[in-house]
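Can you make the complete structure from the sequences, with help from the hints?
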Amino acid sequence: MTMTRWIAAAALMASATAAVAATPTPLAPEQAAAHVLNRIAYGPKPGDIERVTQMGVQRYIDEQLNAAAPLPPALTGRLASLDAAQQPAGEVLRRFLAVRGMAKNESDEDKARRREVVTAITQQTAEARIARAVDSPNQLQEVMVDFWFNHFNVFSGKGVDRALVASYERDAIRPYAMGNFRDLLGATAHHPAMLYYLDNWVSTANGYVPRGKKQGGQKAKSSGLNENYARELMELHTMGVDSGYTQKDVTELARMLTGWTYDQRELAARNRTFAFDPARHDRDDKVWLGRRIKAGGQEEGEYALDVLAMLPATAHHLSFQLAQYFVQDQPPPALVDRMAKSYLDSKGDIRTVLRTMLTSAEFMAPEAVGAKFKTPYQYVISAARASAAPVTDIKQTMGVLNRLGMPLYGCQTPDGYKNTQDAWLNPDALSRRIGFATMLAPALDAQALQATLGGSISPKTQLAIAGSPEPLRAAMLLGSPDFMQR
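Under the working numbering, the first residue of the sequence shown carries the number 44, and numbering increases by one thereafter.
By construction, these hints were calculated from the structure, which means they are not laboratory data.
A quick note: this is a predicted structure, and the numbers were derived from the prediction, not measured.
One thing to keep in mind: the hints can contain errors.
[Unchecked claim] Straight line, CA to CA, 30 Å or less: simulated DSBU-like cross-link-like pairs of lysine-lysine:
(1) K291 x K438
(2) K461 x K438
(3) K201 x K154
(4) K154 x K291
(5) K291 x K384
(6) K154 x K438
(7) K390 x K201
(8) K337 x K291
(9) K384 x K201
(10) K438 x K390
(11) K438 x K384
[Stated by the list, open to error] Derived DEER-like restraints, expressed as beta-carbon distance ranges:
(12) E149 x G340: 40 to 46 Å
(13) P89 x Q439: 20 to 26 Å
(14) Q439 x K337: 54 to 60 Å
(15) T289 x G120: 42 to 48 Å
(16) P218 x V252: 35 to 41 Å
Beta carbons are placed, not taken as given, at the ideal position from N, Cα and C, and that holds for glycine.
Now the structure itself:
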């Protein structure tokens with residue numbers, strides 16, 4: 044079979060395969076290990092399936108929930124060398140603002156310097172995420188960073204967020220990814236990347252007149268109430284769109300959050316990432332979600348976060364999204380209900396909810412195996428892990444993600460990237476994935492790759508590969524429907 048014919052056949056086969064056929068019998072140990080590695084990790088590295096089979100799936104799940112394994116020295120050293128990923132938000136912003144202000148008619152040398160600084164920030168931020176995803180032994184932690192970043196999405200292409208997104212992930216997402224949801228909610232609400240992305244930094248009480256001061260060379264686009272963040276806070280971050288709140292509730296919440304801002308000059312000079320400005324705050328009483336909110340200050344917004352974090356609607360919304368990400372595109376309702384109960388019983392402890400899900404019969408059910416189609420990000424990271432190919436050219440990896448339709452930190456809308464099959468399974472996308480597999484394959488040992496993937500490659504696919512020329516086999520493995528699913 045020629046490579047051209049294989050690409051066409053694989054695309055057709057993957058298009059026709061919505062999910063791996065459900066197995067009527069309980070999972071064999073190796074199959075269970077592969078399943079867990081494909082769900083709570085970015086797929087197996089060489090030897091992982093054997094290791095997890097030997098230690099037992101439950102022990103591996105417990106290990107991952109603890110997320111306590113030290114990082115390999117090589118990864119630690121690599122991360123330490125990435126200034127943009129390590130420096131405080133204010134320091135990176137200061138570098139960004141210094142070159143962003145260069146006029147278009149500056150010298151070629153200045154233009155080159157501007158490109159150098161912006162490119163370094165972008166690539167180092169991406170390298171930190173990708174290097175951790177590929178090489179960190181705390182795989183569930185990395186998977187949860189991806190989940191929560193999409194849940195609390197900010198778009199790095201919007202203004203200063205290009206300089207702030209590394210700090211946002213490092214300081215507002217990563218420390219709380221398996222902690223308490225209220226802490227995570229508060230960290231994202233206070234971070235300048237979110238304040239800027241959803242415009243709460245310019246939201247003021249109606250009638251407030253700014254004194255014309257600029258922040259980092261940028262004047263506020265408008266004064267007055269801005270409802271963007273309040274709307275997404277309820278619709279996406281907590282309650283969910285069909286949970287019964289009204290437009291009046293959105294407006295009242297936006298009023299409660301007026302004055303939540305940051306000053307770019309203070310951030311760049313002193314790394315002051317959040318500020319409450321009483322002069323911008325709406326000082327009247329509010330009525331929100333049937334509650335009368337007495338006029339106050341920053342505590343009004345904090346109270347709103349307290350309430351939102353512990354609503355039954357929030358527990359159900361988050362549980363559904365987690366089960367959809369980890370179990371099936373249409374998760375079993377009974378599982379979602381149990382997860383929501385554990386959320387409320389534990390007062391929003393994410394690790395407790397994950398344990399409820401990961402130890403459930405639904406998570407380990409045969410019909411769940413291969414039922415999730417990998418996003419482009421999951422596909423690229425899992426290919427790097429399975430092939431043991433060092434990811435040294437971050438620019439090339441970012442280019443692959445761009446071509447596959449999922450640029451890192453590049454989702455423009457607040458709802459983040461989808462993780463369901465219907466968002467990513469189409470012939471053009473499959474052809475691009477197979478093209479990536481073909482590019483990666485020449486440096487790989489097909490026999491070693493197949494051993495790494497173990498029972499996650501079906502007998503039918505193994506037979507097709509065995510009957511093909513040796514140079515095509517690694518590409519066929521990475522381009523197979525089995526590998527594109529998890």
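Checking one constraint from the list: CA of K337 to CA of K291, max 30 Å. Satisfied?
Holds, at about 17 Å.
Against the 30 Å threshold, does the CA-CA distance of K461 and K438 hold or violate the hint?
24 Å, holds
Agreement of K438 and K384 with the hint, judged by alpha carbon distance not exceeding 30 Å
44 Å, violated
Given the range 40 to 46 Å, decide if the beta-carbon distance of E149 to G340 lies inside it.
44 Å, holds
35 to 41 Å was suggested as the range; check whether the CB atoms of P218 and V252 agree with it.
38 Å, holds
Given hint K201 paired with K390 - CA-CA distance at most 30 Å:
Distance of about 34 Å is beyond 30 Å: violated.
Between the alpha carbons of K154 and K438, is the straight-line distance 30 Å or under?
Holds, because 20 Å separates the two Cα atoms, which is no more than 30 Å.
Starting from the hint 42 to 48 Å, judge whether the C-beta atoms of T289 and G120 obey it.
About 53 Å separates the Cβ atoms of T289 and G120, which means 42 to 48 Å is violated.
Is K154 close enough to K291, meaning Cα to Cα at most 30 Å?
48 Å, violated
Going straight from one Cα to the other, do K291 and K438 come out at no more than 30 Å?
This hinted pair is violated, its Cα atoms lying about 46 Å apart.
Does the Cβ-Cβ separation between Q439 and K337 fall within 54 to 60 Å?
56 Å, holds
Going straight from one Cα to the other, do K384 and K201 come out at no more than 30 Å?
Violated: K384 and K201 sit about 38 Å apart, past 30 Å.
Violation of the numbered hints given earlier is confined to hints 1, 4, 7, 9, 10, 11, 15; the remaining hints are satisfied by the structure.
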